[in-house]
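> Chain by chain, the residues:
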Amino acid sequence: MSSDAIEPDRRDFLVLVGNAFAAVGAASLLWPFIQQMNPDASTKALSSIDVDLAPVKEGQAITVMWRGKPVFVRNRTKSEIESAVKVDVKNLPDGLARNENLPDEDPATDANRTMKGHENWIIIIGICTHLGCIPKGQALGDERGEFGGWFCPCHGSQYDTAGRIRKGPAPRNMEVPPYAFTSDSKIKIG
Amino acid sequence: MSGHTSTYEPTSRWGKWFDERLPIARVMHGQFVDFPTPRNLNYLWTFGGILTFILGAQIITGVVLAMHYQPSAAGAFDSIEQIRRDVNYGWMIRNFHAVGASMFFFAVYIHIFRGLYYGSYKAPREVLWILGVIIMLLMMATAFMGYSLPWGQMSFWGVTVITNLFSALDTIINGLGTAIVEWLWGGYSVSGTTLNRFFSLHYLLPFVLAGVVGLHLWALHTAGQNNPTGLDLKEPSDSVPMHPYATSKDAVGLFAFLILFAWFVFFVPDYLGHADNYIEANPLVTPPHIVPEWYFLPFYAILRSFTSTFLWVIPLGQYAKLCGVLAMFSAVLIIAFVPWLDTSRVRSSKYRPIFKWFFWFFVFTCLALGYLGSMPAEGVYVMWAQIFTVCYFLFFLVAMPIIGLIETPKKLPRSITDSVLGGSTAMPNGAAASPEKR
Amino acid sequence: MKKRFSPALAGIVAALVLVPGLAIAEESGHHEIPRQPWSFSGFTGQFDKAQLQRGFQVYKEVCSNCHGLKRIAFRNLVQPGGPQFPEAAVKALAAEWPNKITDGPNDQGKMFERPARLSDPILGPYKNDEEARAAQNGALPPDLSLMARARDVERESPWYIHPFLMLGDILKGYQEGGADYIYALMTGFKDPPAGFHMVDGKFYNTAFPGHQISMPPPLSDGAVPYQDGTPQKLDNYAHDVAAFLSWAADPSLDQRKRIGWQVILYLIVTTGLLYIGKRRIWSAIKH
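Protein chains in written order, with my numbering: chain Y, 1 to 190; chain U, 1 to 438; chain S, 1 to 287.
Honestly, I wouldn't trust all of these hints.
[As the list claims (entries may be wrong)] Calculated cross-link-like contacts (lysine-lysine; reagent style DSSO-like; alpha-carbon spacing at most 27 angstroms):
| hint | chain 1 | residue 1 | chain 2 | residue 2 |
| --- | --- | --- | --- | --- |
| 1 | S | Lys110 | S | Lys60 |
| 2 | Y | Lys44 | S | Lys100 |
| 3 | Y | Lys188 | S | Lys110 |
| 4 | S | Lys70 | Y | Lys188 |
| 5 | S | Lys202 | S | Lys60 |
| 6 | S | Lys100 | Y | Lys186 |
Calculated directly from the structure, the hints in this document are not laboratory data.
Using the sequences plus the hints, can you model the full thing?
Structure representation (structure tokens):
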């Protein structure tokens with residue numbers, strides 16, 4: 001070949017600059033291709049749902065869908081509330097409230113997991129914080145675990161009546177979604 | 001692959017260990033780094049690299065679009081709108097893919113005309129050329145099925161018209177054409193079933209295409225690249241290593257081409273499409289003026305030019321449809337026979353004073369057919385389409401074989417090096433060609 | 001090689017300049033839908049927020065009586081690149097939009113109607129095409145979401161000028177055929193020429209294919225009360241609603257052109273740099 005004696009200087013500054021520009025362009029082209037997999041504008045806009053609590057009697061629970069996730073709504077009995085209130089936050093595996101309506105650092109007291117004036121209602125996103133299964137405990141005949149709340153059948157995580165993790169592999173309490181009471185017996189989630 | 005052996009030498013122990021077990025780096029180095037490339041290639045030779053890039057880009061954007069697209073008669077149109085409006089950067093990716101199809105054909109047509117001009121089909125590159133024709137056929141099938149997916153009015157009626165081509169076979173065996181068309185449709189008309197199978201095939205064919213491109217490259221690197229003189233590589237000074245010489249030129253060509261590509265994607269994304277395709281498919285209403293995408297227009301003009309009377313005197317009667325269909329497919333297939341239709345001993349048109357003119361007239365013929373394909377099939381347009389259809393086939397069947405026999409080519413340079421250095425034979429081989437020392 | 005290219009290049013440039021000029025001169029006698037000056041036309045154009053807001057007002061007070069806009073959600077009216085109304089105003093607008101959203105089934109298994117929210121589409125008055133035809137004497141008022149993309153203006157020109165017009169449009173970044181058509185349609189209601197046979201219940205329109213349209217003239221001077229002092233003329237209404245529908249059909253236009261410029265500039269610079277690099281590499285050998 002005509003040039004096998006000596007290779008041209010590939011470290012020529014201008015050649016390097018050109019190559020660097022091309023590489024930067026290729027790299028920035030990645031951004032839209034990564035972004036396209038994120039939730040799209042219509043998904044993000046799927047806003048709130050209204051839930052009528054009137055048919056849910058004491059001790060009963062319903063599950064509603066919000067943003068494609070199950071939301072547990074339980075009307076707790078007196079004893080269930082008491083057992084949740086008397087727990088010492090210091091002994092909990094996860095001491096944070098995990099309540100979207102409150103600041104991130106608030107402790108996981110029962111009051112911080114519910115709404116003032118509506119302490120009998122516990123409203124949480126019904127997804128086990130371990131690997132995303134839906135815990136049992138909504139239907140009356142379900143196994144509810146040692147703490148009377150929810151029991152995840154996948155890997156045995158046990159939640160108490162405030163939806164806090166007490167035992168098993170799950171790392172966090174079940175999330176409380178953003179919601180508000182629009183009247184005494186109606187809530188708006190989201 | 002070719003007579004050229006790689007000069008690759010692994011430097012690390014691990015590289016040596018790997019090279020003994022899977023010499024992929026050795027092969028890549030031999031084929032794409034120090035592969036001997038003619039030193040006189042012009043920018044028309046960058047279109048091979050450009051086409052490889054577009055194929056890759058189409059596959060990537062296509063896979064991404066398939067993440068959001070719903071191949072059903074009920075959901076297709078809505079999902080495209082969802083992509084345009086709601087998916088993050090969906091509009092950009094969709095424009096890339098739609099414009100990319102046009103760019104693909106634009107580049108491939110330049111690539112083909114370049115091959116025709118410089119005689120890149122002549123021995124020993126016949127198989128390379130035929131693989132190229134197969135690639136073009138696959139591209140056409142893929143593009144046609146892809147255009148059906150948005151399920152707009154043009155999609156729907158384009159599919160209806162083109163699949164109905166096969167019903168021309170009814171003229172030969174009654175019922176055969178209809179049976180084939182219903183088999184293609186999966187029903188008695190174009191429907192969601194048709195859309196689903198087209199989506200499946202549209203996803204599959206690009207990978208087949210990529211496989212044939214691999215063979216195309218293999219054949220290219222076995223025969224070696226042609227060049228503007230059409231001469232074979234004879235002496236070491238005729239070639240340069242592919243990297244960094246050809247690669248640096250390819251990079252310039254690719255980025256210059258991307259300017260055009262981006263212009264369409266960002267400023268005129270719908271220019272190459274058709275407004276009717278923003279109306280959802282309606283099986284009860286045909287748009288007033290059905291035209292295929294621009295890259296099919298010359299072939300579409302050939303199809304339509306066969307009317308019951310061809311060129312004033314030839315009566316075709318009920319066979320007009322069949323003739324049109326056969327002519328359209330022949331117009332593509334005839335390109336595969338070019339290596340044997342051309343009788344010239346000289347490859348490059350640079351040295352063919354008569355053929356050169358016929359080549360440019362052929363380019364004009366194709367452009368004219370393209371224009372006529374976009375016009376309504378009536379009046380004077382039909383006549384001109386018939387005349388240019390005849391010109392199209394005369395180029396291959398008459399001009400190519402005869403000119404090769406009667407033409408006296410210009411004097412060829414002794415070698416590529418001579419053509420580059422102005423034919424000076426006084427200089428020792430390779431002396432002036434070796435790089436300066438720094 | 002280079003010397004042979006330059007006369008060819010000069011020829012092309014000269015043809016590009018001269019031929020369209022001749023084409024326009026020749027065309028002037030020809031009647032076709034004229035192009036309008038749009039703020040969003042060409043490769044630099046962007047939507048005019050105030051115009052989109054007025055256009056939406058025209059849609060809301062006139063068009064929406066018959067036509068839906070189902071591919072636009074109320075939330076789109078808030079987003080950048082569009083009319084960008086304040087969110088609270090759009091929330092209120094959605095809540096009182098007369099065409100309610102059918103939702104359900106509820107606890108009793110019944111479908112029910114509820115007011116629209118930000119995430120809901122802007123619906124027209126009819127639940128389906130059949131209901132629309134029944135209410136409109138058999139005519140179907142089409143959804144307007146894509147109207148500005150689904151219509152175009154065909155230009156007629158002799159074959160030797162055609163390629164230059166095409167090239168000119170590509171270089172100018174012309175994509176506004178739909179808007180031009182909508183403007184022409186809105187302002188094209190005229191008395192039919194003498195001897196033109198009108199079907200009963202149809203209206204003569206110069207832009208509509210066949211010139212007989214089922215839609216009565218929707219806009220006239222003073223029909224929509226503008227708040228921003230823009231003269232309340234048919235011409236302004238037609239421009240504004242065409243601009244609004246252009247946005248509705250292509251809401252990413254602003255972003256697209258903005259990113260487009262960055263990409264084109266980047267590509268030009270990089271091509272230049274790569275070309276310089278290529279020259280450096282090839283400087284070692286004669287070619």
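> Taking 27 angstroms as the top limit, are the C-alpha atoms of Lys202(S) and Lys60(S) close enough?
Measuring from Cα to Cα gives roughly 24 angstroms; hence the hint holds.
> Measure nothing beyond the straight line between the CA atoms of Lys110(S) and Lys60(S); if it is 27 angstroms or shorter, mark the hint as holding.
violated (30 angstroms)
> Given the hinted pair Lys100(S) and Lys186(Y), is their alpha-carbon gap at most 27 angstroms?
Holds: Lys100(S) and Lys186(Y) sit about 22 angstroms apart, inside 27 angstroms.
> Sort out whether Lys188(Y) lies within 27 angstroms of Lys70(S), counting only the CA atoms.
holds (26 angstroms)
> For the pair supplied as a hint, Lys188(Y) and Lys110(S), confirm whether the alpha-carbon distance does not exceed 27 angstroms.
Holds, at about 21 angstroms.
> Taken at face value, is the distance from the CA of Lys100(S) to the CA of Lys44(Y) at most 27 angstroms?
holds (22 angstroms)
When the structure is compared with the earlier hints, a violation turns up for hint 1 alone.
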